[in-house]
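Chain by chain, the residues run as shown.
Protein chains: 2
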Amino acid sequence: MGLVVHKYGGSSVADAASVRRVAQRIVETVKNGDDVAVVVSAMGDTTDELIDLAEQVSPNPPARELDMLLTAGERISMAVLAMAIADLGYQARSYTGSQAGFITTAAHGSAKIIDVTPGRITEAIADGAIPIVAGFQGVSQDTKDVTTLGRGGSDTTAVALAAALNADRCEIYTDVDGIFSADPRIAPKARKVPVITYEEMLELAANGAKVLHLRCVEYARRSGMPLRVRSSFSDSLGTLVTSSYELEGVAVEAPIISGVAHDLAEAKITIGGVRDEPGRAAAVFELLADAEVNLDMIVQNVSAAGLTDITFTLPMSHGDIALAVLRENKGNIGFETLAYDDKVAKVSLVGAAMRSHPGVSATTFRALADAGINVEMISTSEIRISVVTRAEDATRAVQAIHTAFGLDADGEAVVYAGTGR
Amino acid sequence: MGLVVHKYGGSSVADAASVRRVAQRIVETVKNGDDVAVVVSAMGDTTDELIDLAEQVSPNPPARELDMLLTAGERISMAVLAMAIADLGYQARSYTGSQAGFITTAAHGSAKIIDVTPGRITEAIADGAIPIVAGFQGVSQDTKDVTTLGRGGSDTTAVALAAALNADRCEIYTDVDGIFSADPRIAPKARKVPVITYEEMLELAANGAKVLHLRCVEYARRSGMPLRVRSSFSDSLGTLVTSSYELEGVAVEAPIISGVAHDLAEAKITIGGVRDEPGRAAAVFELLADAEVNLDMIVQNVSAAGLTDITFTLPMSHGDIALAVLRENKGNIGFETLAYDDKVAKVSLVGAAMRSHPGVSATTFRALADAGINVEMISTSEIRISVVTRAEDATRAVQAIHTAFGLDADGEAVVYAGTGR
Chain A
1 MGLVVHKYGG SSVADAASVR RVAQRIVETV KNGDDVAVVV SAMGDTTDEL IDLAEQVSPN
61 PPARELDMLL TAGERISMAV LAMAIADLGY QARSYTGSQA GFITTAAHGS AKIIDVTPGR
121 ITEAIADGAI PIVAGFQGVS QDTKDVTTLG RGGSDTTAVA LAAALNADRC EIYTDVDGIF
181 SADPRIAPKA RKVPVITYEE MLELAANGAK VLHLRCVEYA RRSGMPLRVR SSFSDSLGTL
241 VTSSYELEGV AVEAPIISGV AHDLAEAKIT IGGVRDEPGR AAAVFELLAD AEVNLDMIVQ
301 NVSAAGLTDI TFTLPMSHGD IALAVLRENK GNIGFETLAY DDKVAKVSLV GAAMRSHPGV
361 SATTFRALAD AGINVEMIST SEIRISVVTR AEDATRAVQA IHTAFGLDAD GEAVVYAGTG
421 R
Chain B
1 MGLVVHKYGG SSVADAASVR RVAQRIVETV KNGDDVAVVV SAMGDTTDEL IDLAEQVSPN
61 PPARELDMLL TAGERISMAV LAMAIADLGY QARSYTGSQA GFITTAAHGS AKIIDVTPGR
121 ITEAIADGAI PIVAGFQGVS QDTKDVTTLG RGGSDTTAVA LAAALNADRC EIYTDVDGIF
181 SADPRIAPKA RKVPVITYEE MLELAANGAK VLHLRCVEYA RRSGMPLRVR SSFSDSLGTL
241 VTSSYELEGV AVEAPIISGV AHDLAEAKIT IGGVRDEPGR AAAVFELLAD AEVNLDMIVQ
301 NVSAAGLTDI TFTLPMSHGD IALAVLRENK GNIGFETLAY DDKVAKVSLV GAAMRSHPGV
361 SATTFRALAD AGINVEMIST SEIRISVVTR AEDATRAVQA IHTAFGLDAD GEAVVYAGTG
421 R
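Those protein sequence lines, which keep their order, are chains A and B.
Every letter in the first sequence is one number past the one before it in the numbering used here, and letter 398, counting from 1, is 398.
Every letter in the second sequence is one number past the one before it in the numbering used here, and letter 115, counting from 1, is 115.
Any given hint could turn out to be false.
Distance ranges between label pairs, derived from CB positions [claimed, not checked]:
1) 315(B) / 34(A): 53 to 61 Å
2) 91(A) / 374(B): 40 to 48 Å
3) 340(B) / 24(A): 40 to 48 Å
4) 210(B) / 106(A): 52 to 60 Å
5) 89(B) / 188(A): 48 to 56 Å
6) 290(A) / 21(B): 54 to 62 Å
7) 31(B) / 106(A): 49 to 57 Å
8) 89(B) / 371(A): 37 to 45 Å
If you're looking for bench data, these hints aren't it; they were derived computationally from the structure.
The beta carbon of each residue, even a glycine, is placed where N, CA and C say it ideally should be.
Can you make the complete structure from the sequences, with help from the hints?
What follows is the structure in structure tokens.
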């Protein structure tokens, strides 16, 4: 007998039949003795359809109104899910982000949660009703306007609600069976990871793994809320994301590497012929920070003849603005050449056990060299090694590393199946 | 320089192009020097589509959740309209019923407005922004849950907002050019009525005219808010609905009859062989009132041999429950026969000037007799005469009365055109 938060994504509630199946799962959980609070995303492609509608009316809609529009999506799904639960003979009540107490900043489209005051949710549970909360939305503390947390924000809503309710765990239901050791679409031998630490999950999410959003994992880590990622289409337990403390003992037999992530959405900029003197690099990065360009990996080559090259990666979508800022400030910075390359891939291997296992770098570079893959940039953290390669080498790089660290499953990974590992 | 409330119905904002056209009209009004507050319905068939979705999930969805679901419709239209206005370079801000201060009873699906506290709307206007308010919805005073006012409630929202803002007038934009002297689909010579009193409009709305909802007209009458019904597809001034006081002078040349309404949605029940003694009729009507059956016309025939017949009309949709209640209580009431007939029409002629013109009844019954139409029931008010006929006679009855009172226009009525009268 505990309290669990369930979060269902858009693909889990894509149509009336899916909504009824989700209702069934929620009711089963209640029958088994747990209290459940539910967070739900908009049905299927609703959010994209609403964005299309907005674009038909205005090429650049005001952010406040876009938030008002998009939050209609969860309003629909939560009401329909409450109806489906009621139809099974259980009481359910839907709540908007505002009604559920999600107080946020006023940054429309990317609001941050300031506080969660879920008085009405607690009340509903005490009344024996199942509360259904709209994911992804809140109300601005200052303006009282409706806000959204940004795409994928529903996962964060779920974790924040679980933390505010002091729930026992938060289960994220999606259309895949859990976290895999690599993207099964490019590494068919990827296997499901039964447990993973917050830190590993953060590194995977930050480096291209798509299942969980960085922000949701960070929130879970900060609040110590165990997360379970599982499929709403099966009974598999999925993947538990938890603290390394919880994993002690469990994880002794865990492989050195938890997973290999890849990211094809980055580009690489090289500023050539910068004078190698203090403050030059700082000037470049200050300019880019002022333009709100997110830098990822940064490498500065060894100086030759008093000149050096600075290379960094950034999201492709920030490419144009970064180039414009650099060109405008060519005189101040003082550089000779500027090269932009978006045919690159970032491949990252992540594993908490890496800390205590020497030779991980050696194994990685040997595997890539044997596969004939050239490494253009390298960046490491305590539990991650990332390399930049040609985009066309990404699949082979992921597979080579996956195999080199003994991650390959015996059979092919089955992503949508009900059995899992 | 005044303050006007515009209300746009679903057909006026059916798609992105319509929304842009409505935005243009609002901006034109502002350019001409008026402040505008807008009330908007859900786009096109959105409400029906949401009801379909609910029915796919549950045959009998909880009313609270149905309200939550349906209010998503206005949320979408109001945000999109605000975007379209912003795209024309004017500031617009959308507000839910709750944000706009619509405090209601907790009767989901048919909530009554208790109070309107439009502080945020006044603020928006003071800031130079055009407020867009969701029609048809509010928030329950007691439960803080989202409520709806029932179908067509957006007109009421508009009038209530206009009254609360102390606006100069309220303009209801729809897909017809105003109020017509009869339904142009069955009386092709119907003409647009330029001005009409609240009382006449109430009688027309209560007796089958579809353009304005009874409740909206009643609210306007009570608050003395001038209403203008006009087409969002033309520049015609439409019809002004106002108090008879305002009409003095204007209306001297008005015809005796303002309009002829018809209603095919009623049925007729006759309870035969009731003992003609005090309290029998009261017992019948108390039983029906307890079952929430809405009675319309009631006729009791002259007694013969101590027995009498009671005949009444009621909405067809209430027929089954009325018959069930009567059958169950046959013993208590004491009657011999029970007859149900839904092949009837109610035709009503309405005109404030009727009061001072004798012979209106005579002209009416002469016209119907000349057309060979049998009158089954008669009911009159100070400014209305209603008759019940066979359903198949309805069109000819409307036309005969329309002609008899000299209402026929020279040409055929043009409903959707831009010129109007």
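Taking the hints in turn, this is what the structure says about them:
1. 315(B) / 34(A): 53 to 61 Å: The hinted range 53 to 61 Å is violated for residue 315(B) and residue 34(A), with Cβ atoms some 47 Å apart.
2. 91(A) / 374(B): 40 to 48 Å: violated (54 Å)
3. 340(B) / 24(A): 40 to 48 Å: holds (43 Å)
4. 210(B) / 106(A): 52 to 60 Å: violated (43 Å)
5. 89(B) / 188(A): 48 to 56 Å: holds (54 Å)
6. 290(A) / 21(B): 54 to 62 Å: violated (42 Å)
7. 31(B) / 106(A): 49 to 57 Å: violated (30 Å)
8. 89(B) / 371(A): 37 to 45 Å: violated (57 Å)
Hints 1, 2, 4, 6, 7 and 8, counting from the list given before, are not met by this structure.
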